[in-house]
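Enquirer: What follows is each chain in one-letter form.
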Amino acid sequence: MVNYIWVFMTIVGFVFAMINGTMEEVNKAIFDGAKEAVTLCIGLISILVFWLGMMRIAQESGLLELLTKLFRPLVKRLFPDVPTNHPAMGYILSNMIANMFGLGNAATPLGIKAMEELKQLNGGKNSASRSMVTFLAINTASITIIPTTVIAIRMNYNSASPTEIVVPTLIATIISMLGAVLIDRYFYNRRSRKG
Amino acid sequence: MEFLSVISLGFIPVLIGIILLYGTVKRVPTYESFVEGGKEGIKIAFSIIPFLVGMLVAITVFRASGALEALMNWIRPMMEAIGVPAEIVPLILIRPISGTAALGMTSDLIAVYGPDSFIGRLASVLQGSTDTTFYVLTVYFGAVGIKKMGDALKVGLLADVVGIIAAILVVIVVFGAK
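Chains D and F, in that order, are what the protein sequence lines are. So the first sequence is numbered by this note's numbering: it starts at 1 and just counts up by one. So the second sequence is numbered by this note's numbering: it starts at 1 and just counts up by one.
If you're looking for bench data, these hints aren't it; they were derived computationally from the structure. Be careful, since some hints might not be right.
Listed below are the simulated DSBU-like cross-link pairs for lysine-lysine, each with C-alpha atoms no more than 30 Å apart in a straight line [unchecked claim]:
no.	chain 1	residue 1	chain 2	residue 2
1	F	K148	D	K194
2	D	K35	F	K148
3	D	K194	D	K76
4	F	K43	D	K125
5	F	K147	D	K35
Label pairs and their computed distance ranges (CB to CB) [unchecked claim]:
no.	chain 1	residue 1	chain 2	residue 2	range
6	F	G17	D	S46	17 to 23 Å
7	D	I11	F	R76	21 to 27 Å
8	F	K39	D	L74	30 to 36 Å
9	F	I16	D	I11	35 to 41 Å
10	D	A152	F	E80	26 to 32 Å
Which stretches of chain F does chain D cover? Using the computed rule of at least three CB atoms under 8 Å from a CB of chain D, they are [stated by the list, open to error]:
no.	stretch
11	29-41
12	44-51
13	54-62
14	118-125
15	129-136
Even for Gly, the Cβ is constructed at its ideal location relative to N, Cα and C.
Whenever a hint applies, use it, and build me the whole structure from the sequences.
Expert: Okay, structure coming up:
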């Protein structure tokens, strides 16, 4: 599906450029997009190095395991395929917690580690396992307690109450999280019926 | 609400402090472990580059050509028909595709309509409560070399739809429409 979407966006873009006469912008966009991607990845290096370094300490000291034990009942229901004491659980949990606090840059390295562990659990195959789909669904719809960036923008524009959106955001994300879990379950059931 | 910003400012230092102290108590060679873990970060960052380059080129081409705008104009009447304010439609459509573009639109909407207006609040909640599904998928699957995504994209986008509807309803209920 990603292959189709990828080709679709590019080709439709070209066709549109021909009709609209935006060929010049599109030519520029090709290299701007490539450059932005690399800049983004370079920017990620500092964050990835820092948080993966920290998480290694947390893992070796047993802190990650402690966290897993704390939330085990909840996460076990969400990820029935993952063995209880597997490190994947620790990473999934830390990723969810980082997301809750709006720490997108800390969440990404943890999420990648979680995916790595989930891939190993799936025998190193290059297709997404059930747990991976669940994890991504939860991740894109994750519960936000403190939307840090948004609060900062609102402060910038002199809001009378920059944090008044915190509770509505929390409620909205709880709903979307529940939605994500249900949608994920629906697709999983559909897959398993097909065999 | 003041305490919330205190929490978010203090969260990272407290977290790092706990990790370091706990590691020290448990006699982990903290600095060496940090370096070992960090090395992995470099590998991951470089392995994501091709995935992100491919995706971002397609997205920027799609946007620069005017195709995205045309798609928005085409969808807008449908969105308005179900009660979504016209001003917010571009943000909804761009949110799953590009995080930076969505952030730009949110700041723009807040700047134009004011942070305490209906549109400003709605943009704030939308920005805070949804994520860049395409980016998350590209980076997470790319980093570990997953080629077949299964239902992940469908599930992620449908969850976004739920999130958007939830955000609109919650803002109307909490702050009132308009």
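Enquirer: It remains to establish, for every hint, whether it holds in the given structure.
Expert: Here is how each hint holds up against the structure:
no. : hint                         : in the structure
1   : K148(F) x K194(D)            : holds (18 Å)
2   : K35(D) x K148(F)             : holds (26 Å)
3   : K194(D) x K76(D)             : holds (25 Å)
4   : K43(F) x K125(D)             : holds (20 Å)
5   : K147(F) x K35(D)             : holds (23 Å)
6   : G17(F) x S46(D): 17 to 23 Å  : holds (20 Å)
7   : I11(D) x R76(F): 21 to 27 Å  : holds (23 Å)
8   : K39(F) x L74(D): 30 to 36 Å  : holds (33 Å)
9   : I16(F) x I11(D): 35 to 41 Å  : violated (47 Å)
10  : A152(D) x E80(F): 26 to 32 Å : holds (30 Å)
11  : 29-41                        : holds (count 10)
12  : 44-51                        : holds (count 5)
13  : 54-62                        : holds (count 9)
14  : 118-125                      : holds (count 4)
15  : 129-136                      : holds (count 6)
Hint 9 from the earlier list is the only one contradicted by this structure; the remaining hints agree with it.
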